[in-house]
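J.: Could you put together the complete structure from these sequences and hints?
Protein chains: 2
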Amino acid sequence: MANDEKMYISYNNIHKLCKKVGYEIIAKDERPDIIVAITGGGMIPARIIRSFLKVKGQKNIPIQAIGLSLYEDMGVHGDTENIGKEVIRTQWLDFGSLEQHFDSLIGKKILIVDEVDDTRTTLHYAVSELQKEVEEQQKKLDRLDEPTQFSIFVIHNKDKPKKAELPKEMMESGHYYAATTVGDSWLCYPWDAEDIDEHTKLAAAQGNI
Amino acid sequence: MANDEKMYISYNNIHKLCKKVGYEIIAKDERPDIIVAITGGGMIPARIIRSFLKVKGQKNIPIQAIGLSLYEDMGVHGDTENIGKEVIRTQWLDFGSLEQHFDSLIGKKILIVDEVDDTRTTLHYAVSELQKEVEEQQKKLDRLDEPTQFSIFVIHNKDKPKKAELPKEMMESGHYYAATTVGDSWLCYPWDAEDIDEHTKLAAAQGNI
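Chains A and B, in that order, give the protein sequences.
What the first sequence shows, in this note's numbering, is residues 1 to 209, in sequence order.
What the second sequence shows, in this note's numbering, is residues 210 to 418, in sequence order.
Mixed in with the good hints there might be a few duds.
Said to hold, decoys possible - When the alpha-carbon atoms are kept at most 25 Å apart in a straight line, the in silico DMTMM-like pairs for lysine to aspartate or glutamate are as follows:
1) 19/A / 401/B
2) 229/B / 198/A
3) 19/A / 172/A
4) 56/A / 404/B
5) 377/B / 344/B
6) 56/A / 214/B
7) 20/A / 401/B
8) 318/B / 86/A
9) 19/A / 242/B
10) 268/B / 30/A
11) 160/A / 172/A
12) 28/A / 344/B
13) 59/A / 24/A
14) 109/A / 29/A
15) 225/B / 86/A
16) 377/B / 242/B
17) 371/B / 404/B
18) 201/A / 404/B
None of these hints come from the bench; they were simulated from the model.
T.: Following this line, the structure appears as structure tokens:
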């Protein structure tokens with residue numbers, strides 16, 4: 001699908017893609033201890049994949065939201081050099097409240113969720129900031145030998161040059177989950193649809209149902 | 210629909226119910242300054258309604274997530290007296306990061322979103338804790354004369370005796386938005402569906418499409 005073509009995605013298609021990756025993670029016995037949803041785009045896939053990561057007799061996996069926006073998407077003027085590279089944090093993990101469940105993120109399996117890996121800028125920011133935070137906690141608590149596992153789940157990865165990288169070990173160890181890889185199309189997500197019946201028909205015509 | 214009957218709801222039905230309330234809010238010229246999503250249930254309706262609260266030329270409304278769970282749903286043993294009344298906070302507002310957008314919540318329009326108003330316990334907790342927080346900020350900053358508006362949006366309100374109340378002025382001034390009121394049925398949300406095609410068919414058969 002070319003750059004200027006619109007790709008319509010139905011809710012049921014999103015649901016099936018979340019299910020696919022949820023099953024993959026469970027099959028690998030890598031159920032996360034916590035899901036970190038990047039708002040707004042990650043909220044819907046995060047909630048859906050949680051259903052497929054459920055294990056009978058286990059509590060729901062806690063979801064924490066982090067708010068990240070690119071300056072360019074906020075309509076805020078930035079340095080032209082840095083356009084697309086600068087990320088605004090609008091919400092961060094709440095370690096205070098997390099402590100009711102965890103002492104920290106140290107040694108845990110953390111699944112970071114967003115809807116799309118476009119330029120990779122936001123995901124890069126999320127992973128590196130979370131890693132930094134865990135390292136600081138490790139030093140503070142003198143628990144340097146407990147490895148923490150970061151994974152990423154996105155519905156769509158756009159096959160295009162990226163502006164930022166993700167950790168090599170994450171990519172190579174199979175902890176980067178893209179339910180599907182697409183061209184550099186214009187992705188029309190259902191939650192942005194004005195007329196959802198019309199949108200669903202367009203998605204069905206493209207097989208994204 | 211009786212207590213023991215299952216009510217199946219499709220994603221497109223959820224979308225339409227969010228749209229209905231979004232339009233209602235815009236028609237009243239009461240676009241919120243911030244959306245507070247109660248995780249996990251409120252995440253999907255919060256993201257969808259944001260699309261319908263968008264005004265051309267305006268930035269997206271920021272979403273903050275707060276994590277609230279009833280003790281009983283967590284599988285944690287509590288005092289039997291207090292079962293259903295006790296709420297666990299797993300994440301709270303991040304005022305630090307909010308400050309990039311706001312100085313505080315004082316004087317703002319705040320829309321709290323959850324999927325269902327069942328016993329009303331969680332919503333009561335959310336509103337009263339947020340109100341307390343704003344009052345403390347008002348005292349601290351000596352800004353006692355700026356009224357803050359709290360509204361609630363839920364997809365479904367269950368018509369049943371509630372275990373907790375919401376502020377009288379909110380209910381009477383039309384700031385409690387339930388897209389639809391249902392009996393005390395078992396609500397089957399699409400994000401919990403194992404087989405989404407089958408689920409959608411069942412929802413269609415009940416007219417929830």
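J.: It remains to establish, for every hint, whether it holds in the given structure.
T.: Comparing the hints with the structure gives:
no.	hint	in the structure
1	19/A / 401/B	holds (11 Å)
2	229/B / 198/A	holds (17 Å)
3	19/A / 172/A	holds (23 Å)
4	56/A / 404/B	holds (17 Å)
5	377/B / 344/B	holds (18 Å)
6	56/A / 214/B	holds (23 Å)
7	20/A / 401/B	holds (14 Å)
8	318/B / 86/A	violated (28 Å)
9	19/A / 242/B	violated (34 Å)
10	268/B / 30/A	violated (38 Å)
11	160/A / 172/A	holds (19 Å)
12	28/A / 344/B	violated (49 Å)
13	59/A / 24/A	holds (20 Å)
14	109/A / 29/A	holds (11 Å)
15	225/B / 86/A	violated (35 Å)
16	377/B / 242/B	holds (22 Å)
17	371/B / 404/B	violated (32 Å)
18	201/A / 404/B	holds (20 Å)
Checked against the numbered hints above, the structure breaks hints 8, 9, 10, 12, 15, 17 and satisfies the rest.
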